[in-house]
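Asker: Chains as they are written, first to last, in the working numbering: chain F, 17 to 303; chain Y, 17 to 303; chain G, 17 to 303; chain U, 17 to 303; chain W, 17 to 303; chain A, 17 to 303.
Please keep in mind that the hints were generated in silico from the structure rather than gathered at the bench.
Owing to the predicted nature of the structure, the values given are computational and were not obtained by experimental measurement.
Hints should not be assumed to be uniformly reliable.
[Stated by the list, open to error] List time: in silico SDA-like cross-link candidates among lysine to any residue, alpha-carbon distance up to 20 angstroms: (1) K223(Y) x H205(Y); (2) K255(A) x L258(W); (3) K33(U) x E67(U); (4) K63(F) x E67(A); (5) K201(W) x A218(W); (6) K63(U) x F54(A); (7) K103(W) x N207(F); (8) K165(A) x D106(G); (9) K255(Y) x N207(F); (10) K255(A) x D106(W); (11) K63(G) x H70(U); (12) K103(Y) x E67(U); (13) K86(G) x F263(G); (14) K182(F) x P226(F); (15) K194(F) x K201(Y); (16) K103(F) x D159(W); (17) K194(G) x E297(F); (18) K103(Y) x D159(U); (19) K194(Y) x N85(G); (20) K255(U) x K212(A); (21) K165(A) x E210(G); (22) K102(G) x K165(A); (23) K86(W) x D35(W); (24) K212(U) x E259(W); (25) K255(G) x D145(Y); (26) K223(G) x S262(G); (27) K223(Y) x D145(Y); (28) K255(F) x E210(G); (29) K103(Y) x E164(U); (30) K182(Y) x K201(Y); (31) K141(U) x S181(U); (32) K102(A) x S262(G); (33) K103(F) x I160(W); (34) K40(F) x R202(F); (35) K63(A) x S53(G); (36) K33(A) x G109(A); (37) K63(G) x E164(U); (38) K137(F) x D178(F).
So the chains spell out like this:
6 protein chains.
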Amino acid sequence: MNVFEYLNRQNEFLGAKSDFNNAKVVITGVPMDSTASFRPGTRFGPKKIREVSHELESYSVYNADSLENKNFFDAGDICIPFGNVKKSLDIIGEVTEQILDNGKIPLFLGGEHLISYPIIKKVSKNYPDIIIIHFDAHADLRDIYLGEKLSHATVFRRISEDIKSKHIYQFGIRSGTKDEFLFAKRHTHMNLFEVKTPFLKALPVFKNHPIYITLDIDVVDPAFAPGTGTPEPGGCSAKEILEVVSFFKELNIVGFDLVEVSPPNDSSEITSLLAAKILRELLIVLG
Amino acid sequence: MNVFEYLNRQNEFLGAKSDFNNAKVVITGVPMDSTASFRPGTRFGPKKIREVSHELESYSVYNADSLENKNFFDAGDICIPFGNVKKSLDIIGEVTEQILDNGKIPLFLGGEHLISYPIIKKVSKNYPDIIIIHFDAHADLRDIYLGEKLSHATVFRRISEDIKSKHIYQFGIRSGTKDEFLFAKRHTHMNLFEVKTPFLKALPVFKNHPIYITLDIDVVDPAFAPGTGTPEPGGCSAKEILEVVSFFKELNIVGFDLVEVSPPNDSSEITSLLAAKILRELLIVLG
Amino acid sequence: MNVFEYLNRQNEFLGAKSDFNNAKVVITGVPMDSTASFRPGTRFGPKKIREVSHELESYSVYNADSLENKNFFDAGDICIPFGNVKKSLDIIGEVTEQILDNGKIPLFLGGEHLISYPIIKKVSKNYPDIIIIHFDAHADLRDIYLGEKLSHATVFRRISEDIKSKHIYQFGIRSGTKDEFLFAKRHTHMNLFEVKTPFLKALPVFKNHPIYITLDIDVVDPAFAPGTGTPEPGGCSAKEILEVVSFFKELNIVGFDLVEVSPPNDSSEITSLLAAKILRELLIVLG
Amino acid sequence: MNVFEYLNRQNEFLGAKSDFNNAKVVITGVPMDSTASFRPGTRFGPKKIREVSHELESYSVYNADSLENKNFFDAGDICIPFGNVKKSLDIIGEVTEQILDNGKIPLFLGGEHLISYPIIKKVSKNYPDIIIIHFDAHADLRDIYLGEKLSHATVFRRISEDIKSKHIYQFGIRSGTKDEFLFAKRHTHMNLFEVKTPFLKALPVFKNHPIYITLDIDVVDPAFAPGTGTPEPGGCSAKEILEVVSFFKELNIVGFDLVEVSPPNDSSEITSLLAAKILRELLIVLG
Amino acid sequence: MNVFEYLNRQNEFLGAKSDFNNAKVVITGVPMDSTASFRPGTRFGPKKIREVSHELESYSVYNADSLENKNFFDAGDICIPFGNVKKSLDIIGEVTEQILDNGKIPLFLGGEHLISYPIIKKVSKNYPDIIIIHFDAHADLRDIYLGEKLSHATVFRRISEDIKSKHIYQFGIRSGTKDEFLFAKRHTHMNLFEVKTPFLKALPVFKNHPIYITLDIDVVDPAFAPGTGTPEPGGCSAKEILEVVSFFKELNIVGFDLVEVSPPNDSSEITSLLAAKILRELLIVLG
Amino acid sequence: MNVFEYLNRQNEFLGAKSDFNNAKVVITGVPMDSTASFRPGTRFGPKKIREVSHELESYSVYNADSLENKNFFDAGDICIPFGNVKKSLDIIGEVTEQILDNGKIPLFLGGEHLISYPIIKKVSKNYPDIIIIHFDAHADLRDIYLGEKLSHATVFRRISEDIKSKHIYQFGIRSGTKDEFLFAKRHTHMNLFEVKTPFLKALPVFKNHPIYITLDIDVVDPAFAPGTGTPEPGGCSAKEILEVVSFFKELNIVGFDLVEVSPPNDSSEITSLLAAKILRELLIVLG
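Can you build the whole structure from these sequences, using the hints too?
Answerer: What follows is the structure, given as structure tokens:
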């Protein structure tokens, strides 16, 4: 027996394996909230999600399977130059590329939604026929926001410029400008308010494509996910999003991000716990 | 270009116009929580609701319309003599009268529920056939509370003395004394627990009357609206109340108040956000 | 008139009577959270539940009855030797025994779930045919947890050793290890995820047995009950649990505990309020 | 052994005796914050001060004596009609009178500073030569505040009308209007900023008079006492006020109040703890 | 009497006058925290400082004068493009220039310390002989921080490039890299740990120059100013900084900023209150 | 360039080296708060101290030296069986022994003060002439507390049984029972209230002995260290304790612990920051 036997390292996501080379999935945190216009704090998201994950069981009764025999690596948080959006996005893009070049599935934890832009840009290069599944309360389809082309509010407008038309499916949307809804009509499949019903309806289409999923936690109602940058009342319940997640096992997921968890606004940590639980299900499915 | 071009004034409700004379609706805050018996704090409600309103879009996908072309004025908060209930109510009454005399629709933000008393007293004078739609977890029909005739717990008993019998419709009620429920049987239309179903049932009646709506945010379950003076578990969801609000456009609304939002008990600001969203829908409908 | 007329003692549960001898039910608080592995704080539960109970009405419109004419005594909190689990459980057992010996129904407020072990051990001695109704997000059926036989995570494994096979009914379970679910298959009636539907289905069986109910507040979704030691997203709503509670009047309840309310994680006190409301309904039913 | 032996009643101040008749001192809480203009919350002061008192030792190394052999009774909180200032003050006055008529020393816990008015009015009737020692950051000498004669900001103006000229000694004052400072020059002994030095200088005078002490916790710097209604930076330290308190044993104290502790603004409870410690010293001295 | 008489507009700093043209001083808020590396939140500083200022008296017993007869204008907050540091600084510079061109003294509320850079750049152009008085816990003299030339940690290195050598006086510094301290030896007057003593010693020099004062609230110990981005234990007290401020009346102040107040980390608002009090003294002195 | 270059691992204490073998000092966290009688939470202390350490500079202007060239290893947190005090202490003792056997200096982060018992027991075996320097607000010299021999309140009574008489020096003590003070008179050097003055007086004695330092953060006043289990008003300032720490370089320190930091009661993280800063100074001195 030696001193290390007692030591408890809980800084990685529940059940993460220490071997990068054998990992099938790589978790990376992106503590960036530079363009948040309302309340900052999502930079603390990845760290907190890892921390609370250890309260969960590694076994999931939803999937009747466990994290224990899954090979995923938790790479920690990327070091972000706070205040320099351009350079931050470049770094995120490079990290994505290296994960992909190593033949692994990238799984990112935000941070703000803008981080999805460089990730999806890189992933979609590898999969021209990719479909983006986008869970969110906000359309995020503005062309310009506060004078900027790159912002959490413009991210899917930018992404739409890089992938095939009508290959973005949006669920739970309940906020946006008139222009965004007009743009959505022509360029995306946008589902207002509802999540589970339209998702199940679209499921058959999804099965024929490589899938990237981006999940803004504010798609869930603020009662279930108060810890987020821009809460929007009127969303789905935790139970509903977990039910949707249980169908992910039927998809060919090639990349994933979960964004906008903001611990400073999550006094009971229930948002981070919900995010950790969604992640656990996903890791079981991907493993 | 000059210095003022950069300056950002976010102290009024989202989209408020600066011209009182052309306004159709006038928002007034009432920072009064003098008779709160459990936890005070609703005095901070109006200010916080205005503040968080700027996180919302001015466009509503619920109503497919925007605040931008609506004419409403935000008059700020009334100055209340803390601790002097009688004088406070007199001032609220006078403000209401002046708004009505200017031919505008009064829209008040509480503050505690007692503020509805002088408002409704003045509004109902102008509309003898008025119907009061009352969303609340509590009956608020006591005759006397802690020895006082005027209290947040007696407000609808007092109001019932000023308007036609059976012209108060109550929704979502789940707390009261035995006497209050007996009184309700004879004098109001009280709907226990439920909100949307009985509201839709009564909608045809409402269409034939001038309508005053008073919405105590605690009608919504504390999960969705924790920031309130006396939370009462077992209420409706944010989604349900927003659905009910979407029917307000079919009514002839002559006055409105939204009360009992208590920011000190709303650590993630989701109660204020829900209130602001309800208000946005209402302003779009009234504009 | 004397000085005591003005004095307001709100330290006991709403409506508690001061006479132990005539009481039918005895409330006892157990401020123990020694084995909590995630976040401590349930030791403050009993005190806070009593405190917020005074915000509720003594009359319940759910049961159309009132606490006023019910005879129950609030004995305050047991003094626990913090850090000594063995001795703490012995004391709880002794207190239970004395309450039973006095012919009264014991009603305990936790504290962590482990407190149910000595209580149920004593109660079940008096009622060999007893059925345990267990509401919880977690199976709590481990054999050993962190090397300990006695822990909040092993409590129902221990209890299962003392009562008849298959006399434990579990509702709302959504977290556990593979072993716990295997054990449940053989030894308990475990209902995954759902609460109301399976409860109503089992109700006829319950009517023929003495019933002990143990309610871990985390059976409810964290949106409605954030203030708990190990929140688990995906539970039932406050409305649903209150509907289930409304059926308790059809049961022969011989003991009850409500555990895992953790005030430090309950910034808006809505978890304590829900617990107090459940308790009020129970006291009306038992009175 | 019986059930009550284990039960732990911590609702009274540390060391309070249960016998009113033999008590020399009576503690009464006054949960009133009706005229608070900035942030309410002092209504929760008395309850919280009692609660945290149990963290302290009953022995004081400052006075080398203990609460154990002191006879004081804790009468709990007065029931206040929230929102009715006039009636609230009448009730406080009556309670004071009864305590005095029973030959006991009254010790009050606020609540807001206005409560001192009826208390001092009654006490000073019994002691025409009384001196009032007033610790505070604010002069509280306005004639009228927000149109009201009775307010936390006018309380010592009112009191000055009832006692001998120049019999009020004020310490630590650092906020007021020009008029208040002019009034103070003619009618009180006001010491700006400093506490200990001027107190020691005045000590010889105090020894020849019956003394009433009123201590607004905001006399202490907000770093040491953040939990108060209107914090005013630039005050004394906790150490300094405790040193001043250690001289109280040389005085003939006939009444005392400690006011303006506001638990909702005291996230670490250090203000309540300081108040409880001051009270412990006082009770040891008075016993 | 009309509706506006009752209305209470508390969105500007206490005592601000509504006339820009006659104002001698102009307050501008800069809600920028883009380069904060630890915890963001100073963007909420200006708004909160204004809000709590209304709890203070307009009269100062420190200066025996009042805000009432001072002419200053509160221009509100500048609209900042979150995440675009370069453009944000340009805007701040332009606003500064316009205030100076109008012949008024600029007074800025941060926001992070980087905002001082464009302000001082503009102000120092008008006053070649200017001395910068810098109160701070941190040297802020790095050349590059996280790869960036413009950051809260490099601001005084940048400023030193624009003004005369040895014209920066630093007080209260207790954190930095070895290089920063070496740089300070050659280029600034840096005073470690202490504030009042070295300030008084340098006062005679200051009297012969136009003075710009930049006050990072973290110069004060975190006990007195917990609400800041990077608290550094071991600073001066609130009393000491207020004493230093009382000497500002002897200086020829041509510009001022107060930065790094972070309301999300200031649960009792005592940091904002201290900032507001410092500002009140300054406005009285400048008026 | 590869993916790891961007990754930012901030889970160890600032500047920790990854090589255990070459380390001179080993940091170990002990997340134990089982015997806390007032408010639990110190279990989160070690993790939070590490986290906030990254906000500090690695260079110290106090010691004019840096962590960069110091060899210390951060072993993470020990895994504690919550609720089993006996086994927890055994594990801590074993870990201490192994660190000592490897020829390294043990540095522990609590957790509650009881953890010092097994550590000092092991360390003192190696150094029979050892002197214990004990900074604390509480004497911790009870023989039994709540019926237990092993508790945070008895820890130095137990320790005194293992080392030479009068080899414990206590500083800053301001709370205890009469018996503890009597015991101290005979068995320890206890200094009431004061820290720096008596420490400097005893310094010459300390220089001739191997020294173990145990620092309960509550020795500092709650204004500077609110985040602790049992705050006791009237302590020293952060500045004073840092001055005392600056003398540690003159001592032959063979072991150290810093205990009772409780993050849940430290809303602005200033207590953790103070602890991290003390630790930085110590690591520089020990390196």
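Asker: Kindly indicate which numbered hints from before are broken by the structure, ordering the numbers from low to high.
Answerer: Structure breaks hints 7, 10, 12, 15, 21, 25, 32, 34, 36, 37.
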